[in-house]
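Undergrad: Each chain is listed here by its residues.
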Amino acid sequence: MRARRFISNTLCHVLLAVLSVIWVLPIGYVILTSFRKEGGSYKSYIWPRGFTLDNYKNLFQPTSQINFTRWFFNTLIIALISTAIAAFFVLCVSYCMSRLRFKMRKPFMNIALIMGMFPGFMSMIAVYYILKGLGFLETGLLKQIALIIVYSGGAGLGFYMAKGFFDTIPRTIDEAAYIDGATKWDTFTKITIPLSKPIITYTLITTFMGPWVDYIFAKVIMGNDTKYYTIAIGLWTMLEKEYVETFYTQFYAGCVMISIPIAILFLLTQRCYVEGVSGAVKG
Amino acid sequence: MGLFRKKQKVQTPHRRPSDAGVGEALKKGNVLTRLSLLIFGLGNIAGKQFVRGFVFLALEIAYIYYMISFGAQALVNMTTLGTVEQTKVYNEALGIYEYAVGDNSMLFLLYGVITIVLTLAAVFAACMSMKSAYCTQVRKEKGMHIPTFKDDLLSVREENMHVAMLTFPILGIIIFTIIPLVFMILIAFTSYDHEHQPPGNLFTWVGLDNFKAMLGQGSKLAATFWPVLQWTLIWAVFATFSCFFLGMLLALLINRKGTRCKGFWRFMFVLSIAIPQFVSLLSMRTIFNANGPVNVILRHLGIIGMTESVPFFTDPTLAKITIILINIWIGVPYTMLSTTGILQNIPGELYEAARIDGATAPVIFRKITLPYMLFVMTPNLITSFTGNINNFNVIFLLSGGGPDTMEYYYAGRTDLLVTWLYRLTITQKDYNLGAVIGILVFIILATLSLLTYRRTGSYKDEGAFQ
Chain A
1 MRARRFISNT
11 LCHVLLAVLS
21 VIWVLPIGYV
31 ILTSFRKEGG
41 SYKSYIWPRG
51 FTLDNYKNLF
61 QPTSQINFTR
71 WFFNTLIIAL
81 ISTAIAAFFV
91 LCVSYCMSRL
101 RFKMRKPFMN
111 IALIMGMFPG
121 FMSMIAVYYI
131 LKGLGFLETG
141 LLKQIALIIV
151 YSGGAGLGFY
161 MAKGFFDTIP
171 RTIDEAAYID
181 GATKWDTFTK
191 ITIPLSKPII
201 TYTLITTFMG
211 PWVDYIFAKV
221 IMGNDTKYYT
231 IAIGLWTMLE
241 KEYVETFYTQ
251 FYAGCVMISI
261 PIAILFLLTQ
271 RCYVEGVSGA
281 VKG
Chain B
1 MGLFRKKQKV
11 QTPHRRPSDA
21 GVGEALKKGN
31 VLTRLSLLIF
41 GLGNIAGKQF
51 VRGFVFLALE
61 IAYIYYMISF
71 GAQALVNMTT
81 LGTVEQTKVY
91 NEALGIYEYA
101 VGDNSMLFLL
111 YGVITIVLTL
121 AAVFAACMSM
131 KSAYCTQVRK
141 EKGMHIPTFK
151 DDLLSVREEN
161 MHVAMLTFPI
171 LGIIIFTIIP
181 LVFMILIAFT
191 SYDHEHQPPG
201 NLFTWVGLDN
211 FKAMLGQGSK
221 LAATFWPVLQ
231 WTLIWAVFAT
241 FSCFFLGMLL
251 ALLINRKGTR
261 CKGFWRFMFV
271 LSIAIPQFVS
281 LLSMRTIFNA
291 NGPVNVILRH
301 LGIIGMTESV
311 PFFTDPTLAK
321 ITIILINIWI
331 GVPYTMLSTT
341 GILQNIPGEL
351 YEAARIDGAT
361 APVIFRKITL
371 PYMLFVMTPN
381 LITSFTGNIN
391 NFNVIFLLSG
401 GGPDTMEYYY
411 AGRTDLLVTW
421 LYRLTITQKD
431 YNLGAVIGIL
441 VFIILATLSL
451 LTYRRTGSYK
461 DEGAFQ
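Chains as they are written, first to last, in the numbering used here: chain A, 1 to 283; chain B, 1 to 466.
For reference, chain A alone in the conformation it holds in the complex (with noise of 0.2 Å):
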């Protein structure tokens, strides 16, 4: 029994090993190759010939056409500033949708989720020519105002996550409140806002993340006004034909100085990411 246990135990960690080596791998080549002297795209081995800082330095230097510091705070700002519209707005929706109750709270609810099964952007080129009738894609600093516009505008529709988890949150303790003589909002503000920490966590974060991984739409706004491109856009543009011999080991420095903040940020708050989707307020 316990040499078959012991077996059963031997093959598991093995496995697991050979697992998370292939899932650590490709992160090892990229900051391998972050490191790399040799210029150039591809090369006919893996271990690079020699190491250098420079990729990261040279990154840091904008040319007339790859501005990585520039790119990094347009995204910072745009991300912070559409964040804190976009959680605003899905908390509120999913508290009205999880606690109270009115007529249209039903009809809305469907609505939202026939809205969810057209693909995202079909709508893209209308919300384009919207933006550019309301005449916010006359400069860059327009066009960035609208960039923070699309990713909150249509924010609240992504309720159904929180207002799962606000319909965890035991009704007594805001029936307790009221009898205390608390308002609604009181109850919001107080109760349900400081008990909710995991689920606005998770919404902070993944409207965060947005900006940083969103190519389409960007692209399709920015165009070719390469100084107000976000990360996304401008890491994707490295790759391009023209620029991958000279930017490919830059490129690669690039994936990691903005993975590395964005996973220290996600590994502090997975505890959160992981009870806002069980639930955790347990009544």
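Watch out, some of these pointers could steer you wrong.
Quick look at which bits of chain B chain A covers, simulated, 3 or more residues with Cβ under 8 Å [as the list claims (entries may be wrong)]:
(1) 36-47
(2) 256-264
Beta-carbon label-pair distances, calculated as ranges [claimed, not checked]:
(3) B:T317 with A:G120: 25 to 31 Å
(4) B:G358 with A:Y178: 49 to 55 Å
(5) B:I234 with A:G40: 33 to 39 Å
Just so you know, the hints here were simulated from the structure itself, not pulled from any lab data. These figures come from a predicted structure and were not determined experimentally. We put the beta carbon where it would ideally sit given N, CA and C, even for glycine.
Please build the complex by placing chain B on the supplied structure of chain A, with the hints as guidance.
TA: For chain B alone, kept in the frame of chain A given last:
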């Protein structure tokens, strides 16, 4: 299914006047109340609620002004989508050709949609006006206090809180989701393709022609649509279930009793989620490139010749397999993470009882773990299935839909319906075909998920845990 099935009226003992519906207001209201449907705010002004009444009235005046100055013409234009084509006129004085401005079908359609939305809003305001008037009427008859404007403002903290909280999110949704979506749906019934580009050319209503071309027999479009649809469904099934089952197995493997350093193993896999998805996708694309590291390793191992390369993204079948495998790499940690919590929630007594009854590990998995997981994760599975049908990023960033083929209408072998939609609209400017695909995707998803999602516990019985 009765998507908009009327809610059963529950007669509450303490019925407030504001609970009355539009129908009741129309039936039982007095002249002033009924007139409020035409002259917004009349009943409120008569009831000395001046601010509220004048706000309603101002809305009506604004709407009428809009309709007279612009809206009515916009509605007429929408039926024709423009009649005057842009023409070249020879300007003899300057000796050059000049463009005489014609109608812009695209803008006509957009303004038409906006006008319709505003009209619906006006109808809604009319109903609100009458309801509000009726409410005042009832309060007057019963000698109740008629709320002042200040009371109205304060009510958003209590019974009207949903109004305050939902106004801006819903405005955002209407402007940036609903109007664009209605606009694109209408485009599907027009001839707005690369040959009919405003402002140079007009496009017009063509009815169901686009749908016939897409679904019918014989055309190149149909010869593209059906294979692409087939691959989309195959992809969605494989991507969803492979990630689900493998992720769950991984979570089980890490969570089993004998495994040491659970946190470490979890961390190794979570690391790949922490990296922005598009970074990992772009790196994967270079890693599996014809000259990328995977091919280099295979060459050094002597599996392929030094100048050969495995066509990971250029051979149709292999490209599909590669994409599904890479997607497993990306998706499994997510499932692992979300199933870990649920696995820990399975009551331990169930396992104990099973073990006492002499069940082996596979039996326990099949009879306890799997049913429990399926029960909890079904809504999640459905959303990830729909998400995969619309999974733009993975395909676009990995293979870009390639390898391209002449047999298809501007699509590659690994194009999903969404990436094809992208190509048709952004590169090819066949907006009407793109819209048709969007609608078809919607129909597929709607039937799939309405059938399944509405049967799940979390929808039927949302208050179960409250």
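Undergrad: Take the hints in turn and mark each one as holding or not.
TA: We went through each hint and held it up to the structure:
1. For the segment 36-47 of chain B, the proposed coverage by chain A is not satisfied: 0 residues have a C-beta within less than 8 Å of a C-beta in that chain, short of the threshold of three.
2. For the segment 256-264 of chain B, the stated coverage by chain A holds: 4 residues have a C-beta nearer than 8 Å to a C-beta of that chain, and at least 3 were required.
3. Look at T317 (chain B) against G120 (chain A): about 29 Å separates their beta carbons, and that is inside 25 to 31 Å.
4. A hinted range of 49 to 55 Å for the beta carbons of G358 (chain B) and Y178 (chain A) is consistent with their spacing of about 53 Å.
5. Take I234 (chain B) and G40 (chain A): their Cβ atoms lie about 38 Å apart, and the range 33 to 39 Å holds.
Hint 1 from the earlier list is the only one contradicted by this structure; the remaining hints agree with it.
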